[in-house]
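Given chain L, put chain Z in place with the hints provided.
Now for the letters of each chain:
2 protein chains.
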Amino acid sequence: MNISINNLEKNKDEEESKIIPASELRQDIVSGDWVVIATGRAKRPDDFANFERIKDDKGIHECLFEDPVASGQEKDVLIYHKADGDWTLRVFPNKYPAFSQGKLEHPVSEGPYVAMAGLGYHEIVVTRDHYRQLAIMDVMEIAEVFDAYQDRYLDLMNKKNVNYIAIFHNHGKEAGASISHPHSQLMAIPVVAPYIQLELDGAKKYHKSNKHCVFCTVIEHESLEKKRIVFENDDFIAFCPFASRAAFEVHVMPKFHSPYFERITDEQKVSLAEVFSKALGSVYKALNDPPYNFYIHTAPCDGQDYKNFHWHIEILPHTANWAGFELDTGIEISTLQPEVAAEFLRKQL
Amino acid sequence: MNISINNLEKNKDEEESKIIPASELRQDIVSGDWVVIATGRAKRPDDFANFERIKDDKGIHECLFEDPVASGQEKDVLIYHKADGDWTLRVFPNKYPAFSQGKLEHPVSEGPYVAMAGLGYHEIVVTRDHYRQLAIMDVMEIAEVFDAYQDRYLDLMNKKNVNYIAIFHNHGKEAGASISHPHSQLMAIPVVAPYIQLELDGAKKYHKSNKHCVFCTVIEHESLEKKRIVFENDDFIAFCPFASRAAFEVHVMPKFHSPYFERITDEQKVSLAEVFSKALGSVYKALNDPPYNFYIHTAPCDGQDYKNFHWHIEILPHTANWAGFELDTGIEISTLQPEVAAEFLRKQL
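For the protein sequence lines, the chains are L and Z, in the order given. Oh and the first sequence: position 262 is 1609 in the numbering used here, straight run, nothing missing. Oh and the second sequence: position 234 is 1581 in the numbering used here, straight run, nothing missing.
Okay, chain L solo, but in the shape it has when bound (with noise of 0.2 Å):
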């Protein structure tokens, strides 16, 4: 009896491996966006690890960052000490600025075309130890990290033609890091970059159908959920977003509603440091190391109110290599559930 009961139930499961299951199309909640979870390419969480990774080809001893004034970088706007004397942490303005106080050389304006002049600010964030990433540092480093992006944000959101500061940290060739020594990045630039007005747009249309927060809605189920959160404490959630772009996506968010990063306080900073630290670390040793870029969303400075936004921090490891389809459509395609992801990267707490 057994034994045909047995039987029945493989044969209805090798009926059943035959249908191919259908990939899954999520939408942002935010952004209106779409992804593919594409469970016919999928692989296990555990496969991400083994990939070859392009080698960092220049050694310590060559690093602009290890000592940036003999190596000729701009001179310091923040520099951070030790009590004996080292710094720990310095931003400097970055030599080949992609925003900047220049003169444009020649006119930007022609027929039906707009164009402006790139005018803003490019500071470096560079960290003392070569060797030591943001995945593997401890709690009080990195919430000194992030003092560090609030200070020079207060500084730069005041300037003329400042509308909209990015953060951002890229580790890895993959990720575009072209200097391995660990460093960040900030921009302050003149326009509202298109994927924060995609953001603040859906929040504000969010609010006023449901008349609450896109964000706080998402970290409410997610908390009820659980299945996609990666840690937590009082203040912030860290999970794997329903529409991951790739595969171990983690979002970072703050639990209480603030538009505004630059406002975070200093228990808050420690408290985001110990959430983020989590959360990284878990992917650096889900993955072996990857490579990867962070950045924080934050409200615009242009001086316009942004009540319904809520900051937070979108950490993207390399797992996939976005193609044709992606340029094409907009539309990212990822092989690994979130909610397989999550679980594998709680493993590695």
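Hints may contain errors.
[Unchecked claim] Short, incomplete list of chain L residues facing chain Z, as computed with Cβ under 7 Å:
#1 Arg1373
#2 Trp1381
#3 Lys1450
#4 Ala1464
#5 Gly1519
#6 Ala1522
#7 Ile1526
#8 Ser1527
#9 Val1539
#10 Tyr1542
#11 Cys1563
#12 Thr1564
#13 His1568
#14 Ser1570
#15 Thr1676
#16 Ile1680
Since the hints were derived computationally from the structure, they do not count as laboratory data. Note that CB positions come from ideal geometry on N, CA and C, so glycine has one too.
Relative to the frame of chain L, chain Z by itself:
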């Protein structure tokens, strides 16, 4: 006298060279998005050919597309033959489809989030010669590829749940081609792609304000200015867009207004193939066989009227590594002026 004038001019030049030239923010006239032309990081046009490529790790003997039947690919849905009987082009469903007629394994609705089954079609268009990529094909070979795109489009556009058909091509590992044998892909999907929606909205908005197609406006302006044109004939024009997202980006557009690629005539296909082969061929020569993506942007096939849209092809060679700033903001940084890129591409013709 002459000497002193020269000296004065030299001093003036030296003075000016000390001023950092500002980068330029250029706005895409259709989407409203911004790009940065970062002159401070500028390269010469011939610098872009010198980059290390990831070598293809499989030879022709291991190629899955050299003999798709023998390698166990899905059954052809279209096959073109030469007069002597050998096949020249074939189309078959992707064995690991991102969109399929599969069954969803679990429910998609979850709290505030929207999702749906990834129902659709995912097909591969393979040309015969392993080593003969589109950039070196002759005009009639390329016309045959466009013929296949149109054939498959016309079949797929009337299928249930198909509202947009993405047609794209990846060449080279860096551009996402996992198999080096030349192949394009069609994905027939249930949603209108976000990037297409952005262009549809932009075209509609421009038409409302200006009573004219925004793409026709671009073509008229480029024809007048000439400096960004790569090649043109009576029916089509290839040019480096004013707001290029990467060095050597080229757009190919019909000079006649048409929202729908699938309505192209046989004569127009040959005409398109001529301009496309010059455009892609010049990119191939200028960059010494670079990785690239190209894709067709055409009106959705959801039954609505898109008379203000204007179909076109975008060729995007892999000359930039989009990193934290691009992922953060949606603003791409390019290090070459499209005017300089176009001049260099014209030299390759």
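So, going through the hints one by one against the coordinates:
Look at arginine 1373 (chain L): its Cβ gets to within about 4 Å of chain Z, closer than 7 Å, so that hint holds up. Annotation: interface hint on tryptophan 1381 (chain L) holds; nearest CB of chain Z at approximately 6 Å, less than 7 Å. Here the hint on lysine 1450 (chain L) is kept, as its CB sits about 5 Å from the closest CB of chain Z, short of 7 Å. Checking alanine 1464 (chain L) against chain Z by beta carbon gives a least distance of about 4 Å; that is within 7 Å, so the hint holds.
Below 7 Å, beta-carbon pairs count as interface contacts, and glycine 1519 (chain L) has none with chain Z, the closest being about 10 Å; its hint is therefore violated. Taking 7 Å as the C-beta contact cut-off toward chain Z, the hint placing alanine 1522 (chain L) at the interface holds, the least distance being around 6 Å. At a threshold of 7 Å, the smallest CB-CB gap from isoleucine 1526 (chain L) to chain Z is about 12 Å, leaving the interface hint violated. Hint status for serine 1527 (chain L) relative to chain Z: violated, with the closest Cβ pair at about 14 Å, above 7 Å.
Restraint check, valine 1539 (chain L) versus chain Z: the minimum CB separation of about 9 Å is more than 7 Å; hint violated. For tyrosine 1542 (chain L), the interface hint holds, since its Cβ comes within 7 Å of a Cβ in chain Z; the closest pair sits about 4 Å apart. Among the interface hints, the one on cysteine 1563 (chain L) is violated; its C-beta lies about 11 Å from the nearest C-beta in chain Z, farther than the 7 Å criterion. Checking threonine 1564 (chain L) against chain Z: minimum C-beta separation of about 5 Å stays under 7 Å; hint holds.
At its closest, the beta carbon of histidine 1568 (chain L) sits 4 Å from a beta carbon of chain Z; the interface hint therefore holds under the 7 Å criterion. For serine 1570 (chain L), the interface hint is violated, since its Cβ never comes within 7 Å of a Cβ in chain Z; the closest pair sits about 11 Å apart. With its C-beta approaching chain Z no nearer than about 3 Å, threonine 1676 (chain L) sits inside the 7 Å limit, and its interface hint holds. The interface hint given for isoleucine 1680 (chain L) holds, since its Cβ lies 5 Å from the closest Cβ of chain Z, which is under the 7 Å cut-off.
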